[in-house]
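Colleague: Modelling step: build the complete structure from the supplied sequences, incorporating the hints.
Same order as they appear, the protein sequences are chains R and H. Just so we're aligned: 205 in our numbering is position 205 of the first sequence, and the numbers increase by one with no gaps anywhere. Just so we're aligned: 224 in our numbering is position 224 of the second sequence, and the numbers increase by one with no gaps anywhere.
Quick caveat, the hints were computed from the structure, so don't treat them as lab data. Do not rely on the hints blindly, as some may be mistaken.
Listed below are the simulated DMTMM-like cross-link pairs for lysine to aspartate or glutamate, each with C-alpha atoms no more than 25 Å apart in a straight line [claimed, not checked]:
id, chain 1, residue 1, chain 2, residue 2
1, H, K489, H, D436
2, R, K282, H, D170
3, H, K69, R, D38
4, R, K42, H, D170
5, H, K257, H, E454
6, R, K42, H, E65
7, H, K61, R, D283
8, R, K71, R, E241
9, R, K45, H, D170
10, R, K45, H, D174
11, R, K437, R, E501
12, H, K42, R, E65
13, R, K249, R, D352
14, H, K45, R, D174
15, H, K282, R, E56
2 protein chains.
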Amino acid sequence: MINKIKPIKMIKTILGRELPDYIEGYGVVKPFQGAFSDVGQKSRKAVSLSSVPPNERKVLKNLAEALDKLKIRDGMTISFHHHLRNGDHVLNMVLDALAKRGIKDLTIAASSIFPIHAPLVEHMENEVVTGLVANYISGPVAVALSQGKLKKPAIMQTHGGRARAIESGDLPIDVAFLAAPTADTYGNINGVHGKSACGTLGYAVSDAEYAAKTIAITDNLVPYPACPIEINQIFVDYVVEVESIGDPKGIVSGTTKITKDPVALRIAKLAAEVMESSGLVKDGMSFQTGAGGTSLAVAAELAKIMKRDGVVGSFAAGGITGYLVEMLEEGLFRSLFDVQCFDLKAIESYRDNARHQFMSASMYGNPHTKGAVVNNLDIMILGATEIDTDFNVNVTTGSNGVIMGGSGGHSDTAAGAKLAIVVTNLMKARLPIIKDKVTTITTPGENVDVIVTERGIAINPRRTDLLDKLSKTKLPLMSIDELKSVAEKITGVPKAIETSEEIVAIVEYRDGSVIDVVRKVL
Amino acid sequence: MINKIKPIKMIKTILGRELPDYIEGYGVVKPFQGAFSDVGQKSRKAVSLSSVPPNERKVLKNLAEALDKLKIRDGMTISFHHHLRNGDHVLNMVLDALAKRGIKDLTIAASSIFPIHAPLVEHMENEVVTGLVANYISGPVAVALSQGKLKKPAIMQTHGGRARAIESGDLPIDVAFLAAPTADTYGNINGVHGKSACGTLGYAVSDAEYAAKTIAITDNLVPYPACPIEINQIFVDYVVEVESIGDPKGIVSGTTKITKDPVALRIAKLAAEVMESSGLVKDGMSFQTGAGGTSLAVAAELAKIMKRDGVVGSFAAGGITGYLVEMLEEGLFRSLFDVQCFDLKAIESYRDNARHQFMSASMYGNPHTKGAVVNNLDIMILGATEIDTDFNVNVTTGSNGVIMGGSGGHSDTAAGAKLAIVVTNLMKARLPIIKDKVTTITTPGENVDVIVTERGIAINPRRTDLLDKLSKTKLPLMSIDELKSVAEKITGVPKAIETSEEIVAIVEYRDGSVIDVVRKVL
Chain R
1 MINKIKPIKM IKTILGRELP DYIEGYGVVK PFQGAFSDVG QKSRKAVSLS SVPPNERKVL
61 KNLAEALDKL KIRDGMTISF HHHLRNGDHV LNMVLDALAK RGIKDLTIAA SSIFPIHAPL
121 VEHMENEVVT GLVANYISGP VAVALSQGKL KKPAIMQTHG GRARAIESGD LPIDVAFLAA
181 PTADTYGNIN GVHGKSACGT LGYAVSDAEY AAKTIAITDN LVPYPACPIE INQIFVDYVV
241 EVESIGDPKG IVSGTTKITK DPVALRIAKL AAEVMESSGL VKDGMSFQTG AGGTSLAVAA
301 ELAKIMKRDG VVGSFAAGGI TGYLVEMLEE GLFRSLFDVQ CFDLKAIESY RDNARHQFMS
361 ASMYGNPHTK GAVVNNLDIM ILGATEIDTD FNVNVTTGSN GVIMGGSGGH SDTAAGAKLA
421 IVVTNLMKAR LPIIKDKVTT ITTPGENVDV IVTERGIAIN PRRTDLLDKL SKTKLPLMSI
481 DELKSVAEKI TGVPKAIETS EEIVAIVEYR DGSVIDVVRK VL
Chain H
1 MINKIKPIKM IKTILGRELP DYIEGYGVVK PFQGAFSDVG QKSRKAVSLS SVPPNERKVL
61 KNLAEALDKL KIRDGMTISF HHHLRNGDHV LNMVLDALAK RGIKDLTIAA SSIFPIHAPL
121 VEHMENEVVT GLVANYISGP VAVALSQGKL KKPAIMQTHG GRARAIESGD LPIDVAFLAA
181 PTADTYGNIN GVHGKSACGT LGYAVSDAEY AAKTIAITDN LVPYPACPIE INQIFVDYVV
241 EVESIGDPKG IVSGTTKITK DPVALRIAKL AAEVMESSGL VKDGMSFQTG AGGTSLAVAA
301 ELAKIMKRDG VVGSFAAGGI TGYLVEMLEE GLFRSLFDVQ CFDLKAIESY RDNARHQFMS
361 ASMYGNPHTK GAVVNNLDIM ILGATEIDTD FNVNVTTGSN GVIMGGSGGH SDTAAGAKLA
421 IVVTNLMKAR LPIIKDKVTT ITTPGENVDV IVTERGIAIN PRRTDLLDKL SKTKLPLMSI
481 DELKSVAEKI TGVPKAIETS EEIVAIVEYR DGSVIDVVRK VL
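Modeller: The structure is reproduced here in structure tokens:
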């Protein structure tokens, strides 16, 4: 029988991006066909597990015994969550130990990668790690990826898409390493107590429930039972205590600060007027925003309107900051849904206030459940690195083509929200934000409704309803092309960046289709 | 091809019970081989689900619309939980509606059946319902089963075994009907608010997560999001509001009463002395008892000892009563694990006290997880209808052979606990409790350590360690045969009951093997 190798063919996403139909180290490419093209009957995968009879202990002596028990072999996929953010010690600790054992060819499925994970670069160079799947990647690892230092292309997912991939079986995990600020001797875990407290553990839930093996790594081992319990003993095989799982300074910021930059404040004010004019600022409304200065300024403007008009919202969601906690405490929202605490105030509130509720990444944004929280969002405030004239947004790469982030919850919330507003300066570092073509498409334009800049506001032409409402106001509306021209008059038209043909990362939309790829920088 | 029908063969469990190797309407019989014979690599089944995109509503107009949407057909399995106990309106309401539609041949997978479910008897007679799976059955349905009124033999499981069966795929559920004291418009559910508040919803979790379709039936529909959330929107397809899901009088008892019967108090005192002498009453200890008068009296005796000696236990578990709440509040336990609230005080405590923690039936007792709560139990106080001289316990049938209960958590906790003590009067209704052969084996003797009666205490000979410890005390120890003789001297030896050969119920051990069968009464 003749072994016919099918030649690689170029195919197009619905947004016109050209992709190969097969990518070495990734597999068959399912091109993006629209935000809601892949719904309907879905499944959660079967899970194999070792049942634990009475009298079996779960606490192991040390990481070495844990790695023995876990039988980690070349080629396995091991997972990590990012709740310890830029203070995380666990990923480095585990990888160093595995590297010393001579393990090769691992795939790291981490919900996010931060600058603290710089040692991963060496493991990539030595092929200890040859695959990486993450929702957000910043720092030296992102740069190394862009330089082609990982053997296989990285896979960049969304927060909801990662939960979907794990639960559906698209991303099988051999061992989930759970950094646990508190764990009891039988594997019940919470993130609210202990010296490395980080708050909710929303991004770790799918890992714990669907990995073949799950181990809690803690620096606060408590007697059974832990209280509260965020991740449950029935999903945890082993527990190991280490000196430190993280550096508190990198885990949370002390306080949440709202920007004082007058341009950002103007953008926030305009965004608030857009929200108000949309008719969505009313009792029962829901809202999400990021932790950046401008995003928080939008929340502050919204709070003013809500207080003035006596509006009580249903919930605010996402990664939670002290600012949203204050809005909860002031009665502006009835509840918070928290997948990740950004600061100490959020951790305390989540620990003490029953209305500050937990959500897993799956509940947050997995499109293949019976309805994620993002589906109930009214207003979402988004950031952007670049936007094209079809409203497609890039938050994955910088204008130089180097990876500097990723979707996180960007695509998930944009898809769910009734009104997704991008707030951004029209120019950043003397470069215009709006382009004919973004370097990388992270979030499709069909889910981006409004762009608010200090110079003007552009409404997605699909949203004729919004155009109607907002054209009755004095808001500085422009077409996106006009907005682009305003910037280009000042900055000039930037030269397109040049990349090699080599694909270094695949950008998966939340449903697992490929919305774009990132190529090696020259 | 010749179709050979394999003749039915009789096989034996490890306890010597004779069973057919195949039972019509049930299937192949896996005979019980010992409490821990079936551990090791297990699996949770894959789940198919309809993903819910944004803008799809879950609230349906009424039950009729719900039944239309759910497309319930002849032969399906529909499930119910029993948190509304003898006040539950939901099972009857749904079955009446389905019967009116002419649906036949349903299997009801209810965690328990109570006297209020009497209308089910007519549905059995009319073959609207031909199968029943439950962990506990009392009242007219139990009697009707014993009379052979259900077409197929009923399957009687344990609380942990039911969760195992659902999660493993042994008990596939087409539609789970969740009686929801509070539900929001997107399917988040709790049991602590609303006129039909029942507390935790621990027995409903596996149903919600593993059924092909899940619907919340509520009489307290609240705006999104509910708070707290016990069962999560990502598992719920539809929500429907009805006038009433239950009668509060039948849902919870107002207060928990400890027996004043001097015989029961003597048993409790003896049981407490056994516990103390066992060496298990010490800091970190864990404890579970039932809600009956004698069981609570044991808790009261234990509380006295703990206070006297300054013992702080780790947790008490199970169905929770106000009495255990008081022990928590007095600092005698650090935490409660609650699968079901028995009274108003328990509901309030569960609602307001973070140390009063939720557990699902799976976390409670499923033997095929990475470790259920029962695995960490030190002392378990059990009831019994009959006990044989091998310490096998019957809580399924009365001495007349009629079904009057079932394991519930009996077998689960007995298997997990370090010390499982049966407390019982030596005679009940002029009949001796201890027999050569119990009518039905619910819990295997290998997991029953001590029997405490008002006339004497028998220790399972397997527990030589306990015998050593207790023989140093003044406790009235006897062999189980001696204890049996004491009773028989008073009551005489009761005549063995006669039954027909027809099997009306199959008693499944928690691992899904068959530990006994119940035959039709004559």
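Colleague: Against which earlier hints does the structure fall short, listed by number upward?
Modeller: 2
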